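Chemist: Dock chain A against chain E, hints included.
Chains as they are written, first to last, in numbering that gives the first Met the number 0: chain E, 0 to 316; chain A, 0 to 316.
Hints are computed from structural coordinates only; laboratory data are not their basis.
The structure presented is a predicted model; accordingly, all values stated were derived computationally and were not measured.
Where hints are given, some of them may not hold.
You can't tell identical chains apart in this list, so a pair holds if it fits in one copy or across any two.
Subject to a maximum C-alpha distance of 20 angstroms in a straight line, what follows is the list of computed EDC-like cross-link-like pairs (lysine to aspartate or glutamate) [what the hints assert, rightly or not]:
#, residue 1, residue 2
1, LYS301, ASP107
2, LYS87, GLU110
3, LYS165, GLU110
4, LYS301, GLU248
5, LYS165, ASP90
6, LYS165, ASP126
7, LYS202, GLU248
8, LYS165, ASP96
9, LYS307, GLU296
10, LYS165, ASP231
11, LYS165, GLU138
12, LYS301, ASP25
2 protein chains.
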Amino acid sequence: MTAARRILVTGATGFIGRHALAPLRDLGFEVHAVARAIPGAPPEDAAARAGVQWHEADLLAPGAARALIQAARPTHLLHFAWYAEHGKFWDSPRNLDWLAATLALLRDFAEAGGERFVGAGTCAEYDWSGTAQENRFDEGSTPLRPSHLYGAAKASAFLTGSLLAKNAGVAFAWGRIFHLFGPGEPAARIVPALIRAHLLGEKLDCGSGTQARDFLPASAIGDAFARLCASDVRGAVNIGSGRETRLTELSAILSGLIGNQGDVRFGALAGATPERLVPLIRRLTAEVGWTPPETLEEGLRKTVEWWKSRARETRRD
Amino acid sequence: MTAARRILVTGATGFIGRHALAPLRDLGFEVHAVARAIPGAPPEDAAARAGVQWHEADLLAPGAARALIQAARPTHLLHFAWYAEHGKFWDSPRNLDWLAATLALLRDFAEAGGERFVGAGTCAEYDWSGTAQENRFDEGSTPLRPSHLYGAAKASAFLTGSLLAKNAGVAFAWGRIFHLFGPGEPAARIVPALIRAHLLGEKLDCGSGTQARDFLPASAIGDAFARLCASDVRGAVNIGSGRETRLTELSAILSGLIGNQGDVRFGALAGATPERLVPLIRRLTAEVGWTPPETLEEGLRKTVEWWKSRARETRRD
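Okay, chain E solo, but in the shape it has when bound:
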């Protein structure tokens, strides 16, 4: 019998982190989770959280990471915690605090004999200035040239964390997240905005809609990170489905699922977002051995159901 693999998950109540707990448990990990304040589990998370041992800590407080690691003694660490407030996180100086906290956490983990660290990166680490054809990001060859402080701080955590881990004999992997959606997403983001427009038959002004993105449900991303933790793969790994969807197509799928038509006006807004931002996912599929557990349509259907149930609850209020 091999020694128990004990994993500590930071940001474990977050939009993605909550979805990594059950897959990690199913992969044989003893799961420890950390959050600033442990909330009462909403009913839909109760099964996912079964058997998880919770720790309360503010990773930005000096010494907190060290105490946490001494308490949980993890062999593995899956680090999602970061500042992520919608609309504000792109250029907030808080990214600097999380860069420092991430490196301190890794250092404390290494000093305590930790074996494997997996961090949450972002497609915003890459150079987005290429042509549409070039914007299929490859972990090995696409330059890191972030346009916002968020991507810069994440790229810095990757670069410095990689070498810090290497010197300490800790295996280091870094999952770069692309476009995500799912129940609980802020209403102003593109998938909820489209769902609400179709559900309610409302008007929504959009950019051209021709932009191609790779959308994954947050639950699938949590699952992919769990597999990355259980694997021996090191370095950066793009997290995506391998399927490109234009925003116009996404809107059409949602309209079909909902059986209703919003007044979605593509082309109404001038937009300067890149035409294509998609990952090459050879490392994830061939090396980690992961494939999405559900189709895009299935993930969108669940998200639509969630918004419908919220609408019902709102009406009952």
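Modeler: Then chain A, alone, in the frame of chain E:
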């Protein structure tokens, strides 16, 4: 008359920083310099230091940068301070402390209304794994892929510092230093080792000697940084002479200058250092408008003189 440009130089007693003071003064800056402990100026630095206002601070101490900036009120900041102990700096965790201190310094400078920040980067930020032909590093296209913690922390300071400065409206430039030499360099490094071998007629085992590098005297690098500070150029700028010299050629030049032959055995050591590590310097020459103030031979001659004077002093002891 324009408002006075007041520059604060960190690491101002260091191997390069000491050489930036006089050129900055000559370019019209009011020069403020910071060091952990202000030493008595050695005689050869007295002229360079004329008119410089000194501040004593340990930039790793919490709050020290803020107090320093409040005292000096600089419009410009030239940041050399970093951990640089020969043989140890490549993979020391102290690089993390200097990454954090650099970002904190920039943040404090921006909050105090600073206008322009120039930092000292390194060729070790780049990917060194290319072929000899590819290893001519271009600021815009060569990937940042450091092999050591030092390069990773410097690249992180560049990436995160660039965006932090951009958001705060501070002009940000980053000079990437290549190979340097000069009086006072640790004896174990390649130029002093070759000089001593030739001066003393001693045996020195070396690698193949075919490796091409771009060598600049530390005094020229200080001068280049002063010009970069006075310019409007933003982003990364390689600091080099544009001349490639193989180690065998370097040894031959030194042997000629010294008029003596050491027993330098190229090929005696197996080495895995890249065959070529040289910068493209179009930005430095065409945009900043800098050219080296002296030839490689002249810089080497001064360094040889310094080692000769040291040998005389040693004999007098």
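Chemist: Determine for every hint whether it applies to the structure shown.
Modeler: Taking the hints in turn, this is what the structure says about them:
1. LYS301 <-> ASP107: Classified as neither: same-chain Cα gap 39 angstroms, cross-chain 47 angstroms, threshold 20 angstroms.
2. LYS87 <-> GLU110: between (34 angstroms within a copy, 19 angstroms between copies)
3. LYS165 <-> GLU110: For LYS165 and GLU110, the Cα distance is within 20 angstroms only inside one copy (13 angstroms; across copies 35 angstroms).
4. LYS301 <-> GLU248: within (18 angstroms within a copy, 69 angstroms between copies)
5. LYS165 <-> ASP90: between (29 angstroms within a copy, 10 angstroms between copies)
6. LYS165 <-> ASP126: between (25 angstroms within a copy, 17 angstroms between copies)
7. LYS202 <-> GLU248: For LYS202 and GLU248, the Cα distance is within 20 angstroms only inside one copy (17 angstroms; across copies 72 angstroms).
8. LYS165 <-> ASP96: Cα proximity of LYS165 and ASP96: across copies only (18 angstroms, versus 23 angstroms in one copy).
9. LYS307 <-> GLU296: Within one copy only: 16 angstroms inside a chain, 77 angstroms across chains, cut-off 20 angstroms.
10. LYS165 <-> ASP231: within (14 angstroms within a copy, 38 angstroms between copies)
11. LYS165 <-> GLU138: within (18 angstroms within a copy, 26 angstroms between copies)
12. LYS301 <-> ASP25: neither (22 angstroms within a copy, 68 angstroms between copies)
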